[in-house]
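**Q** Go by the hints and put chain B onto chain A.
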Amino acid sequence: MNPENVLEVLHVAKSFGRHPVLKDVTFRIQPGKIVGITGENGAGKSTLLKIIVGWISPDSGQVIKKVATGYCPQDLCVFETLTVAENFAYFGAAYGLGNGNLPGSWTAKKEWLLKRFRFETYEKTLVSRLSGGTKQKLNFSLAVLHSPLLLVLDEPYSGFDWETYVHFWDYAEEMKSNGTGILIVSHFVYDRSKFDTVFELKGGTLQCA
Amino acid sequence: MRLRHIQTGWTMTARELLRNRIAFLLFFIIPTLFYAVIFLVTTHRQIAFKLASISESTFLTVSQRNEALIFIGLAAVGILTSFLALNLTQKHAAENRRLVLCGFRTYETLLSKFAVLLCVIVGVGCYVGAMLPLLFTPRRFLLVLLGFMTGGYVYGCYGMLVGAIFKRELEGILFIVLLANFDVGWLQNPIYYAQAQNKAIIRHLPGFFPSQLSMVSAFTDHSFLQPLLGSLGYGTALLLAAMLIFWWKMRIRK
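These protein sequences, in sequence, are chains A and B. All residue numbers for the first sequence refer to our numbering, where the first residue is 8 and numbers rise by one. All residue numbers for the second sequence refer to our numbering, where the first residue is 90 and numbers rise by one.
You may find that some hints are simply not true.
[Said to hold, decoys possible] Chain B regions said to be covered by chain A (calculated; three or more residues, Cβ under 8 Å):
1) 173 to 186
2) 190 to 203
3) 309 to 322
No lab work stands behind these hints: they were computed from the structure. The beta carbon of each residue, even a glycine, is placed where N, CA and C say it ideally should be.
Okay, chain A solo, but in the shape it has when bound (with noise of 0.2 Å):
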């Protein structure tokens, strides 16, 4: 893997039965950069995405990360029947981070997430009462508690309202200015100066967009 990137995809192929649905992937993140990858319903957009962080295995190719990841699921994936504190407890255990006041514990990243995205008031609220939007806070929440060095987004902003939109971009050109590599997976990119490279997913290859 070349160092100087947090990412490499290489010629991924995956078939779902015999249906083709990725022939030849290929694509490099580097650090502090946003990647976008678009494409119609059933392109198969989130089935490259599940093959990046290991969710599913590629029936060929290669995909090369060595830096700690985060990844937010298109789907939301947090536990309903917890509260809002106890999935960041979850989670912050799963990344072995410490708690406390620390710098670097989730406790510290959770106080600071729940300000950074105002979901503050809803920290002990059970998921389940939590509208659609803070939900997809909290899953989005998750996926960075961990201060990743490589992110894969699916669907990040479905849900969201405007003011959490910008939110989310100003907190995503922080983390790209520290180094993360973003990877940004949506059916539409409707700000297409936020990225350093799109990519359309068709026929099962990428193409410059």
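**A** Below, chain B without anything else, positioned relative to chain A:
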């Protein structure tokens, strides 16, 4: 193995379970109802049966009601724990996988659920067993409690295995209802066993050792070691199979 992960998983799973108050209450109401029905429909007529773990030629003669109370107590513990184990294993499949992606190991996820299941097995086993002295006095009460707990252990591990194999709830429930009805709900009753033609089938079902342990302890002074070890071995084999399948399904490709 990292204890902090298992402890966190145990805490969160236990909190979720305790928040489901209706299900939690049913864990105590259902065995009480089972006992009440048995109490109402049985008499103290003496019945004779043989216990497989003692001798094929030795017949015991006990009260029909007492025999049925032990049998139904074990069935209640087995059925309840297998359903809970199924629920714990199947529920939050995607969220658990995300945890694994974030750093949990698959066996830590399953072990934390198993630890919660063990607590429930002990709680329900003790509760169901503790009601017995109100209805009759088993010969070795503490060993009957142990028998109920091993029933919960074996069937809890079976529930975990079914939950690890099947993604959807319906298939899981059908598999549990099917076996539990046949096994602890019918064939392990010594009255049926005494008359059965193919006893080898009954001896290989999950409820065999726990029911033998409970019956031997309730009505005789014979050794309980063989059914106890058999129960632990059977349950552990099911648990290991569940962990293997769970690991296979949850594994992350590096």
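**Q** With reference to the structure, classify each hint as holding or not holding.
**A** Quick rundown of the hints versus the structure:
no. : hint       : verdict
1   : 173 to 186 : holds (count 4)
2   : 190 to 203 : holds (count 4)
3   : 309 to 322 : violated (count 0)
Taken one by one, the earlier hints fail for this structure only at number 3.
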